[in-house]
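Novice: This is what each chain is made of:
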Amino acid sequence: MSTVLSEPKLPAGVKLPIYMDNHATTPLDPRVLEAMLPFFTNKFGNAASRNHSFGWEAEKAVDLAREQIAKLIGATAKEIIFTSGATESNNLAIKGIGEMYRERGNHIITQVTEHKAVLDTCKRMEKLGYRVTYLPVNADGLIEMDDLKRAIDDKTILVTIMFANNEIGVVQPIAEIGKLCHEKGILFHTDAVQAVGKIPVDVNAMNIDVLSLSGHKIYGPKGVGALYVRRRNPRVQIAAQMDGGGHERGMRSGTLNVPGIVGLGAACEISRLEMDEEATKLKAMRDRLKEKLESNLDFIHVNGSMEHHLPGNLNMSFIHVEGESLLMGINDIAVSSGSACTSATLEPSYVLKALGLGDDVAHSSIRFGLGRFNTQAEVDYVADKVVDVVQKLRELSPLYEMAKEGIDLTKVQWQAH
Amino acid sequence: MAYSDKVIEHYNNPRNVGQMDKNSSEVGTGLVGAPECGDVMRLQIKVNPDTRVIEDAKFKTFGCGSAIASSSLATEWVKGKTVDEALEIKNTDIVKELALPPVKIHCSVLAEDAIRAAIGDWKKKNTADNQAAAVPVAVAAN
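Chains S and E, in that order, give the protein sequences. According to our numbering, the first sequence is numbered sequentially starting from 1. According to our numbering, the second sequence is numbered sequentially starting from 1.
Listed below are the simulated EDC-like cross-link pairs for lysine to aspartate or glutamate, each with C-alpha atoms no more than 16 Å apart in a straight line:
(1) S:K392 to E:E9
(2) E:K58 to S:E401
(3) S:K127 to S:E99
(4) E:K22 to S:E405
(5) E:K22 to S:E401
(6) S:K411 to E:E36
(7) E:K58 to S:E395
(8) S:K353 to E:E36
Listed next, the stretches of chain S that the computed footprint assigns to chain E, with coverage defined by at least 3 CB atoms under 8 Å from CB atoms of chain E:
(9) 359–366
(10) 394–402
Beta-carbon label-pair distances, calculated as ranges:
(11) S:K404 to E:N13: 20 to 28 Å
(12) S:L33 to E:A2: 29 to 37 Å
(13) S:A377 to E:I8: 23 to 31 Å
Calculated directly from the structure, the hints in this document are not laboratory data. None of the values given here were measured: they were computed from a predicted structure. Every residue, glycine too, gets a C-beta built ideally from N, C-alpha and C.
All chains, full assembly: derive it from the sequences and hints.
Specialist: Here it is in structure tokens:
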């Protein structure tokens, strides 16, 4: 170790700042950008224009994208509905199914660690007179199939359970849920934003009826997403939530975002071809990061099941260190924290709390989201930096000192404020 | 969140980190906040029994950068003051000095509470009838 105080030389493969927040969004793959560019300029036609070549050209590009997306999830092109992103897809799925199947029942089942786009939509449904069951998760972040079985009643029309969680990367038992819903004749929607393109998704093998996906989580553009809507066995109907020109089989009006859609298609195509190799690489880097942190630090906690897990995700709590102060110390690395201080609501992560973790553990959590463009050199840099800053902050932490002295922090009478 | 230069400076070079013997009669200890709230401050003062001047101060803080900076600044400010002068330090002074944004005002409140709690603890130890221990602790804004 050099003791000379000078600008440290960065190892090869490391350029600061390092982006390791790929669950929030991903950079656009240059290959995707290349596919999109002509559709901003020369190929600007409206895909709904039926009587000239500009329209035909746009429609052809959109049809190709539909094929590319469908292929990635085992669907057919006609089952893909374009939207502005996964928030819209989730809204359309839940509200559209609720409205369409209202006479059959009014009960919806979801679970507590869903994204807000699902949870808040479900809350809206409750205001509209629907009943919603929010299933709990176990300490690993997984729902229990028995809970789901018990929750189903004769008024249940929809089960909506996310494929993989955006904070803790935990992958739910989607095939089992799909099988159960199929047997019971209940529609199954999954918010698969974090899973599509990262791990195998097959709507038929998994009995998924409706699925939300997004462009910008898979190295595609922002502002474009899709909803898979099953056409046979059963044929799912969705009431449009926006009135207009009747685009997308009447389910989603509005002129198609052709460049965005071309980008989403290209991103899906790349993911389909490279997913296996990429997942292996990401998992190896994630495990390396985990191992380095675990071997250099005490009082750490891995959040969520590591067995049922996205390859690029690591959510770890550095107990006795507050998340925001940790982020401040590693400000050349872009990651997220479950700390209240980093959220607009000043509440710690509801996902981590749902696992049964105390607020103090949630406050100490960091989400690492590894992606396509991260390198092993970056992983090593991040691990060293995190270890360094955590150690520094623990020198400052009265809680770490007390824990080291063997004081049970749960027995201390804190003066909450 | 963008931090002020002063917050960053205190975060990078915290003053007076450490601990003193909490059983010493010259030392007053204030432990405020709670882990589930995301911040805990421990501020200690060492008071000269004759002059009532705070001769040394130490802190440790679990919390965000603003909480660390607020407590670091508090130790700087109390040093050299008498306990009565130290009680004059207001959270708003800390807000002003560190340019804390509205969402971080509670960090300054906690630092003021820590000063009061430390002084209260010292007074408790050094008052025969223990009556003077009642130093009012500001009600923290939630």
